[in-house]
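**Student:** Listed below are the residues making up each chain.
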Amino acid sequence: MPGKDVETDNVREEIRQYILAEFLPGESASNLRDDTPLRTGGILDSVSTLAVVDFIEKRYGIEVEAHEAGVENFDSIALIAAFVESKKTLV
Amino acid sequence: MDLELTEEQQRLQNAAVEFARAELNDDVIRRDREEVFSFEGWKKCAHFGALGLPVPCEYGGMGVGITDVIAVMEGLGYGARDQGLLFSINAHLWTNTLPILTYGTEEQKKKYLPRLCNGELIGANGASEPDAGSDIFAMRTRAERRGDCYVLNGTKMFVSNAPIANLFVVYATLDARLGSMGITAFVIERDTPGLNVTRAMEKMGLRTSPMAEITLEDCRVPVTARLGREGRGVGVFESSMEWERGCILANYLGVMKRQLESCIDYVRKRKQFGQPIGKFQSVANRVVDMKVRLDTCRPLVYRIGWLKAQSKSAASEAAVAKLYVAQSLIASCQDAIQIFGGYGYMVEQGLERDLRDAMASTIYSGTSEIQRNLIAKGLGL
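In the order they appear, the protein sequences are chains A and B.
Note that our numbering has the first sequence beginning at 1, numbered continuously upward.
Note that our numbering has the second sequence beginning at 1001, numbered continuously upward.
Excised from the complex, chain B in its bound form (with noise of 0.2 angstroms):
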């Protein structure tokens, strides 16, 4: 595994950093507060291509490979300091467009990628219930076969860009009875009767990605619906959680190096005691720890897109770099704000928002305690 960049690669992750900073970092902190999602940097993200990365041409998108998407991601992350705005793109990515790319049909294909890559559409994922987080398979969301047609009821929970999302990936269970072999994966629009986004949800962090709960009440979809075959939801679920897992990571690489410059950058010029606080070991460490973090932290990124690129599964290993990333981020987010002290501690440095964007990253896409399970069960335990 080459950990260097290709010059394609460099180039294409230098035109994600320009494009983030000059782009993205409008008014960050008023939206933070006001907890407002920006269509304009969407349209924008759109325009760059960020929306379509894995999307072959042929659908709209980039049509560059997994290796260069991560690099791509690990500049938007460097360069944004709107980590919600990335966050909804990496739901709208990997867990809605991607899989109707890898199960959709032609038909479904056709229909929703281009707009999905052009940002026309916002994609959403109903996966999480009231009852059924990391147990996700113990939905209760039902679908039923009438004719042509499938009948949706139940409620989903933590549905990332649900406020403003035109698409769903929606998942529900044929029959309780057949376990995880019952669940399967439909496309909704938003406008089917009987979809409503009932509650918009405030959070911690992230506050630019809105999030709510939608409710399925007698929501009639066609056959034509159905994203890959009955009873295989489980498999469409799994390989969107395991792209999202490896990609959303690859921002966090970006924030981090943003960081760990920034703060040798001010242990350098900050000076207490006559001389650069960085002199102070104390305050050394917390760097040197920082630098060790992305530094470990980057090769496990990679490797997902390494395995990926040659087709080979990456569950495990996407599971170990989701663990290890998002304590890292967390660790070293407690790190930036310690050595700016009473500066780092104010919102207008937006390290704090940093903070409160990570917590989220042990909960998501599986928490922690689930990638430890992961990766037990990789290890045959």
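Here chain A stands alone, though its shape is the one from the complex (with noise of 0.2 angstroms):
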């Protein structure tokens, strides 16, 4: 399914941009990899991961329960576009 290869890229440069502008101000997004740890690696923390809560709720129209919002789910870019992904296919 190309199509959805194509949309799950875009989501995921989509909160690498986010995170970059809000976060990380000034880094080159070569150093931001779909797997660097964001939650154990201290580029996010509690209450950063609520604003990337916040923008993903609004940017794709998913709703995150309070207890998806963990280390499982918000570690690196690609857990966050991965689940983004399985919450728009339950929509």
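One thing to keep in mind: the hints can contain errors.
Distance condition first, Cα-Cα at most 27 angstroms in a straight line; then the derived DSSO-like pairs of lysine-lysine [claimed, not checked]:
#: 1; chain 1: A; residue 1: K58; chain 2: B; residue 2: K1109
#: 2; chain 1: B; residue 1: K1312; chain 2: A; residue 2: K58
#: 3; chain 1: B; residue 1: K1377; chain 2: A; residue 2: K58
#: 4; chain 1: B; residue 1: K1257; chain 2: B; residue 2: K1203
The set of hints was computed from the structure by calculation and includes no laboratory data.
With the hints as a guide, bring both chains together as one complex.
**Tutor:** Set out below in structure tokens:
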């Protein structure tokens, strides 16, 4: 399903741009890889994770439950994008 | 960004100065000494519109924009000697009224906002705890969902307005394991069984603004008392802090301007060694420092209004302003006392009260240390 891959790529890129703009000003996009640890790497703390949650809820029309915002879904751009895709599938 | 007030903003600010001078300065020395809150002043502020400045007219407020609010607050700070009363207004506005306006349901807004604006209700905010101050999201107050209700248990510390408030915004965690995603905000009325104002707290400054500890013991509130979504209390809290950090500082611009003007007047008139003391460089330099601080603080505060008027985040900018204005205010209070010498040290002059009031500014709404953390975070550090 090439269409879905393209969509996932877009989601990853949008999340990357959001994190760079909000939490890593001046950082090169190439230094924020899909698998760069966000929570465990100290880029996102609990409050900035909430900002990311707000961003993806508004951007993709999904709803994130409190128990879903942990490391398992928010520790990398790849994980967040996969989470967004799984939520969008349910909509 | 234009720092010049519009004609309308200048008119509002002038009205605030005149109102504060005429109505808010009675008996401040005694009330400060005896820790007396002015209910009369509160009602006058409600009548003037100060309690509902940013609230839309349909909910009983003035419906003015953020920069207009800052202009009015600067005017109140300039005209009023009772900084405690202004502090209570700020607590009421930014940590209670505005969260209800921003995150409340239509039912909550209609129920509470008109009465918060007309002075009938006094708002307070319970966030800090005995073991959760700067580390606010480590709070232990629990909210347990039971059917159509939540049951809250815990203790809230340093609750401004608590002894006089009849409406509290309280933060509690649904599950400590969820961290900040477990924190949820609630609107709780004073007479709710289980909510108790347990211990009034005496302060160094801002003594006309009462403060207390509150406890929640099996405090049962309906689901309709929740403010915003479950687990989104951090957003409510951060939003209220951003507003408070910006707008409370506007009062201090007024205080610093008032002090500067009175110091200029004093050093021109006061003569020692055969000439006005303002002719001595060591005295003049203090006045110059006060002027430089005021002129550098003002754009920082108005920048918050400028950003928020465009619906942009001002988190980092509010932290910069809070950090710098608070330390500038304290330095200028000290300079004013030194310039007035023995007279400045006397209670009747009011400058020692200004300093005591100012000392809290590096502590509340996030300490200066926390503001530095926020700024560092904004730099991606």
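**Student:** Next step is simple, just say for each hint if it's right about the structure.
**Tutor:** To see whether the hints hold, each was checked on the structure:
no.: 1; hint: A:K58 to B:K1109; result: 23 angstroms, holds
no.: 2; hint: B:K1312 to A:K58; result: 16 angstroms, holds
no.: 3; hint: B:K1377 to A:K58; result: 23 angstroms, holds
no.: 4; hint: B:K1257 to B:K1203; result: 25 angstroms, holds
The structure agrees with every numbered hint stated previously.
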